[in-house]
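A.B. asks: The sequence shown begins at 1 in my numbering and counts up by one.
FYI, nobody ran anything at the bench for these hints, they're computed from the structure.
Treat each hint with caution, since some may be false.
When the alpha-carbon atoms are kept at most 27 Å apart in a straight line, the in silico DSS-like pairs for lysine-lysine are as follows [to be verified]:
{"hint": "1", "residue 1": "K461", "residue 2": "K294"}
{"hint": "2", "residue 1": "K178", "residue 2": "K461"}
{"hint": "3", "residue 1": "K154", "residue 2": "K76"}
{"hint": "4", "residue 1": "K81", "residue 2": "K163"}
{"hint": "5", "residue 1": "K179", "residue 2": "K431"}
{"hint": "6", "residue 1": "K208", "residue 2": "K303"}
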Amino acid sequence: MNYHSAFNDGPRRRLTRDDLLGSVSISYLRFSSSGQDPKRGGSTIDRQVEVRDDLVDYFQLKLDRTLEDRALSASKGHHRKRGNLAVLLEASRRGDFLHTRTVLIIEAMDRLFREGIIDVMPILSEMIKMGLVIVTGDRTIWCEASINGSENHKLIAEINAAKLYAERLAEFARGAHKKRRSRIVAVAEDQSAAIPELNGRSPGWLIKRDKIGADGLWHDLHPEHSATLRCIFEMCAAGDPVKQIAATFNREGVPTMPWTSRVEGEWRAARVGAILRDRKTLGFYRPMQWQDGKRVYVGPEVKAYPQAIDAGLWLAAKNVLDGRTMLIGRKGVDVPMLFSRHAFCRTCGAAMRCETGGRPKQGVKPRNLVCARYLESRTCTDGQRYDLNHFEVPILYSIIELTGLVPKTITDEGRLVGDLAALQVEIERQKETLRDLAPSIRPSTAFLLDEATDRLEAMQKRANELELEIEAATAGNSSLKDTFEFLRSLVGPASRGDVEARERLRSLLIKIPYRITGTPTGGIAVEAGGQSRDALPEAMERDAIAMADEHHHGDADADELP
1 MNYHSAFNDG
11 PRRRLTRDDL
21 LGSVSISYLR
31 FSSSGQDPKR
41 GGSTIDRQVE
51 VRDDLVDYFQ
61 LKLDRTLEDR
71 ALSASKGHHR
81 KRGNLAVLLE
91 ASRRGDFLHT
101 RTVLIIEAMD
111 RLFREGIIDV
121 MPILSEMIKM
131 GLVIVTGDRT
141 IWCEASINGS
151 ENHKLIAEIN
161 AAKLYAERLA
171 EFARGAHKKR
181 RSRIVAVAED
191 QSAAIPELNG
201 RSPGWLIKRD
211 KIGADGLWHD
221 LHPEHSATLR
231 CIFEMCAAGD
241 PVKQIAATFN
251 REGVPTMPWT
261 SRVEGEWRAA
271 RVGAILRDRK
281 TLGFYRPMQW
291 QDGKRVYVGP
301 EVKAYPQAID
311 AGLWLAAKNV
321 LDGRTMLIGR
331 KGVDVPMLFS
341 RHAFCRTCGA
351 AMRCETGGRP
361 KQGVKPRNLV
371 CARYLESRTC
381 TDGQRYDLNH
391 FEVPILYSII
401 ELTGLVPKTI
411 TDEGRLVGDL
421 AALQVEIERQ
431 KETLRDLAPS
441 IRPSTAFLLD
451 EATDRLEAMQ
461 KRANELELEI
471 EAATAGNSSL
481 KDTFEFLRSL
491 VGPASRGDVE
501 ARERLRSLLI
511 KIPYRITGTP
521 TGGIAVEAGG
531 QSRDALPEAM
541 ERDAIAMADE
551 HHHGDADADE
561 LP
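Working from the sequences, and respecting the hints, build out all of it.
C.D. replies: Printed below as a string of C-alpha cells:
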C-alpha cells in the first residue's frame, strides 16, 4: 500500500491543505556548523522552530516529534548517514508511514538536501513512495503528483540553488582557511604578529571572547573546566590510568567539558587520554584539514591559546603516558608484572619473564622470574627461578633506595638552553633553504619542497618542547624526590595485591633506569644510580647475616691462636 491509499484519494492527485488537516507530523531541524548552535549564540534553530510552529498552525497538524541534526553537513550527506535523518529514512524503509498520514515539516529543501539532482532524487522518491508528505516553510506541499507535475521545475531550482549555495560557502571557507593559515605562518615566523580568530570548536576548558584581548589571545580559561583539566593531569602524573580517572570523575559526578562526551555527563577513558595528549593544553594550535577522509596537519604550530597546564606537570604526565606505552609482557589475570624490560638472565643476558604456572602453595599462586630463552627454547641452560612473592618487595625498596642515593633531575637546564640555541640557528638556516628552493621548484621536484617543509615543522615542534623542558627545569619541577616518596607509599598496597597500586607502580617504574639480574647464590642483584646491591628476602638476609657472623668469629679465633 502506498500513501495514496492511505489518504483514500483513489487516483494520484495533488494534495491540498484540506487533505492534510489533522495529520500527524514530524519536524526536522538541521544546521551545518557548530557556530550556529544556540549555545553559542546561533539563531538558525529558533528560525526553523518559528517556521515549524507556523506550518503546524496553518495545516492544523499534530506534531508527533521533532528531530534535530546539529553540526551535520547536508552537502556531504553526513546527516543521512549518521544523523537523525538516517533514523527517519530507516523508519520509512520499514514502512512505518504507509498507514498513517505523516507530514515531514522542513524550513526549506536545503535542510534535507544540498547535493546534486542525481544524488537527491532517489532519496526523495523513496521518502515520498513510502508514505511521507513534505511541507516547506512557504507552505508548498510536495507529494508524488506535485513532484511529477508542473511544479517540479521549482523543486529542481531549489535543489540546484541549495547545491550552488553549499559550493559557494565551501569556496569561501577554503579561501578563509587559506588566508588564516597564511596568518598563522606569519605568527610562527614573528611571535609579535596578531593571532587570527580561530573558528570551530574551542577546547572545552576555554571560553571564547567576543574580541581579541590585550594579551593577544581570543580565549579565557573556564574557571571550572580548567580546574578539572589540571586534576586530570595531576592524577595521570601520580600514575592513575585513564580508565581510573574516568571512573573517579563519573563516581564523583564531575561535570564533563563541552564536546568531550557523546553521552551527557559521562566521562570516557578514551577522551581522557585524548585530553592528556592534546597540546592545546599548553596553548599550542596547529591548523588541520580533511584529506582523503582523514584530518592532517597543514601548517606550523603556534601559541594561540592561554596555557592551562604548566610545563612541569605536562611533562610529568607525558612521562607516565610514554611509560605505559612501553610496558610489555603478560600482566596476568590478577597480579601485573612490575619489572617488565628491566629483568635479565645472569647467564645469557636475555630478558626474564614472569612464569605463573603450577599449583598454589599455601594459597599463594607461584610467580617466578625465569630466563625467557630457557622457557621458550632451552637455548639458555640457566633455569633458576626467582620467587617474586618473596623478592618483589626487597627489589622495590632496593630500587627506591639506590636511585634516591643519587638525586636526579629530569633535565639539565644549561644543556637544554644550548640545544635550543643550536636548534634555533638550524631553523633559521632551514627557512633560508626553503626561500631559495621555492622559486626553482617544478612539478617533478615538488617533493623536495614538501620534505624541507616537514623538516622545518619538526624542528619548530622540537624547539617548543625544549622551551617547555627548560621552563620545567627552571621552576624546579625536575626533582624526582616526590616520585620516590610516592613509590614508597605504593609498595605496601602493591605487595598485598592491590591491582590499581600495581598498575601505577608499573607506569612509574618503567621510566626509572635500573637493572635486575640473578646472583650465583640464588639471590637478586639490583643496579641503579651507578651502584648495586643484593635484594634479599628476610629469610635469605638472616642466613647471610648468620654466615657473616660465623666468618667474623672464625677470623677472631684465628687471631687468638699462638
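A.B. asks: Please go over all the hints and tell whether each is borne out by the structure.
C.D. replies: Hints and how they fare:
1. K461 x K294: Holds, at roughly 21 Å.
2. K178 x K461: Measuring from Cα to Cα gives roughly 21 Å; hence the hint holds.
3. K154 x K76: 23 Å, holds
4. K81 x K163: With Cα atoms ~18 Å apart, K81 and K163 stay inside 27 Å; holds.
5. K179 x K431: Since the Cα atoms of K179 and K431 sit roughly 20 Å apart, the hinted pair holds (cutoff 27 Å).
6. K208 x K303: This hinted pair holds, its Cα atoms lying about 16 Å apart.
Of the numbered hints listed earlier, not one is contradicted by the structure.
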